[in-house]
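Chains P and C supply the protein sequences, listed in that same order.
Each residue of the first sequence is one higher than the one before, starting from 1 at the first, in the working numbering.
Each residue of the second sequence is one higher than the one before, starting from 1 at the first, in the working numbering.
Since no wrong hints were added, every one of them can be taken at face value.
According to the in silico footprint, chain P covers these stretches of chain C (three or more CB under 8 Å from chain P):
| hint | stretch |
| --- | --- |
| 1 | 214-226 |
| 2 | 246-252 |
DSS-like mimics (lysine-lysine), calculated; alpha carbons at most 27 Å apart, straight line:
| hint | chain 1 | residue 1 | chain 2 | residue 2 |
| --- | --- | --- | --- | --- |
| 3 | P | Lys267 | C | Lys261 |
| 4 | P | Lys296 | P | Lys280 |
| 5 | C | Lys43 | C | Lys91 |
| 6 | C | Lys91 | P | Lys280 |
| 7 | C | Lys255 | P | Lys89 |
| 8 | C | Lys156 | P | Lys114 |
| 9 | P | Lys102 | P | Lys114 |
| 10 | C | Lys255 | P | Lys267 |
| 11 | P | Lys114 | C | Lys153 |
| 12 | P | Lys75 | C | Lys115 |
| 13 | P | Lys89 | P | Lys114 |
| 14 | C | Lys115 | P | Lys152 |
| 15 | P | Lys75 | P | Lys155 |
| 16 | C | Lys255 | P | Lys280 |
| 17 | P | Lys155 | C | Lys115 |
| 18 | C | Lys261 | P | Lys89 |
| 19 | P | Lys267 | C | Lys91 |
| 20 | P | Lys131 | C | Lys156 |
| 21 | P | Lys267 | P | Lys89 |
| 22 | P | Lys102 | P | Lys131 |
| 23 | P | Lys267 | P | Lys296 |
| 24 | P | Lys114 | P | Lys131 |
| 25 | P | Lys131 | C | Lys153 |
| 26 | C | Lys46 | C | Lys91 |
| 27 | C | Lys91 | C | Lys115 |
| 28 | P | Lys296 | C | Lys255 |
A short list of chain P residues far from chain C (calculated; beta carbon distances all over 12 Å):
| hint | residue |
| --- | --- |
| 29 | Gly3 |
| 30 | Thr31 |
| 31 | Leu36 |
| 32 | Glu57 |
| 33 | Thr60 |
| 34 | Val137 |
| 35 | Asn139 |
| 36 | Val143 |
| 37 | Gly149 |
| 38 | Glu298 |
| 39 | Asn306 |
| 40 | Glu315 |
None of these hints come from the bench; they were simulated from the model.
Here a beta-carbon is modelled for each residue, glycine too, at the ideal position from N, C-alpha and C.
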Amino acid sequence: MGGWAIAVHGGAGIDPNLPAERQEEAKQLLTRCLNLGIVALRSNISAIDVVELVIRELETDPLFNSGRGSALTEKGTVEMEASIMDGTKRRCGAVSGITTVKNPISLARLVMDKSPHSYLAFSGAEDFARKQGVEIVDNDYFVTDDNVGMLKLAKEANSILFDYRIPPMGCAGAAATDCPLQMNGLPISIYAPETVGCVVVDGEGRCAAGTSTGGLMNKMMGRIGDSPLIGAGTYASEFCGVSCTGEGEAIIRATLARDVSAVMEYKGLNLQEAVDYVIKHRLDEGFAGLIAVSNKGEVVCGFNSNGMFRGCATEDGFMEVAIWE
Amino acid sequence: MVEWAIALHGGAGDIPIDLPDERRIPRETALRHCLDLGVSALKSGKPPLDVAELVVRELENHPDFNAGKGSVLTTQGTVEMEASIMDGNTKRCGAVSGLTTVVNPVSLTRLVMEKTPHIYLAFDAAEAFARAHGVETVDSSHFITPENIARLKQAKEFNRVQLDYTVPTPKVPDICGDSQIGTVGCVAVDGAGNLASATSTGGYVNKMVGRIGDTPVIGAGTYANHLCAISATGKGEEIIRGTVARDVAALMEYKGLSLTKAAAYVVNQSVPRGSCGLVAVSANGEVTMPFNTTGMFRACATEDGYSEIAIWPNN
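Turn these sequences into a full structure, and let the hints guide you.
Set out below in structure tokens:
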């Protein structure tokens, strides 16, 4: 017990027919990000810095739904959001409605460190970004062909694309005629796009957490999900760091990330018990997953969805990257 | 069978004890009026969700509170309103931010909750959604009051973000000596134990454009479940970090504390002194209105006939 620990995720709820090569690509990305974090932790970089650098890597890679590779709004644009929390003093920062900032997680960090506020959004956040001199790109930088295709399918199915649901028979029929791929309307060439996150406890026992996303495919413009909401998608305290993914509305209602820490603080549960508890009792009919670390150097992943892209590692040499149960 | 109860607030902060009558009386009158409205609605069997919404609408329409008309101004002299609502039974919720023309933000949150698959809409898109649903909108100037223009000027002179109750130092002319306005909110429980909470605000005086506070963040400014309903007010950044509204309920669920003890714990332990107040009701018909600031504009009533309208402690 004790020592550092790290976990990363690339989303919960995955098409069971996801081709093997896609699964392999995901695992490689998760492994690469874990290793980045591990090298940093071994150089005594603090938890909050590790969280930021790992999520930057996930945002920059187009594979998962954050930064480049974000899911598209109904208008085919990208609107990203992110939050970060430093467990030591429960400091936090969040952004929503980001359209030109290359790394939303870093902007969230700047909100935490360099502004008098905790949460900035839309044009106000973009102005702040420019004043802080962060890297700015055009909105199309974030748009990938895969997601353009995915949006088209989502519109045809005329539903928000919950990638991990097997849709009702009705829309499977419509999708099947246009799309020679699976019944659930998901093109083979695409991952179920989802949020990314990272949680870290460093050698000093400090916990931190961060989450970043483009949100739901075909979402209404201006729709904010759980990822930038402290207590819902992200939370960190002296006890633990948590990042959630899955059905945003369910995560918000459940205040999922906060509750992991709350049951540890108020019920005295350990990390594993706390994660099991919230997944079992707090999600009602919703589907979600989370990764968590404790100040004791433990790391736990939990989900009730169909799989979760995840990886975790601890100082004593344990390392695992997984997708399914 | 449980008794109904209702509590509402018009903001917690550094409200000076020597608040002049002309500042104090209109607010007390408004609190009384809103309380009466809420009580009548509960007595006539309206669900708590409807009651919380109608009381907050009334507070939004009143120019002396920092919500709807009378919202404090951003650093650019504009209004950006936000609100949230939550139904304890279903835990369904709705939230909005960055509104500039919607007359009643709390009613828009209700629409988001009931008419979209989402929980939270913001800025231009929330405004567009409002128009698409025929929600009442007005020119932004409707919300701006002379008092708030003065407050912004004062805050800029101080060159810092200001919670709008700070007592001005002598060197600044006492234009609007009060600044005693803040977020508004209402929580209610009916005879069947149904709970609801709603909160609405213009935010911080001189806030950065695009700044979101605790009010639209479920679990921070607003929360309701089968045990209790909470609406918080104060320094948004502290309420977010402290996940105030959720924590009151979590303490009841996970530590078995009573509503009063849970709320007192959060206000005294989870947030810094001078930063927060809240109103809460429980499924058992209890009410509590703790705050760690100088004062909090508040009112409550329970079915057994108790009622209270107050500003400072031990009123």
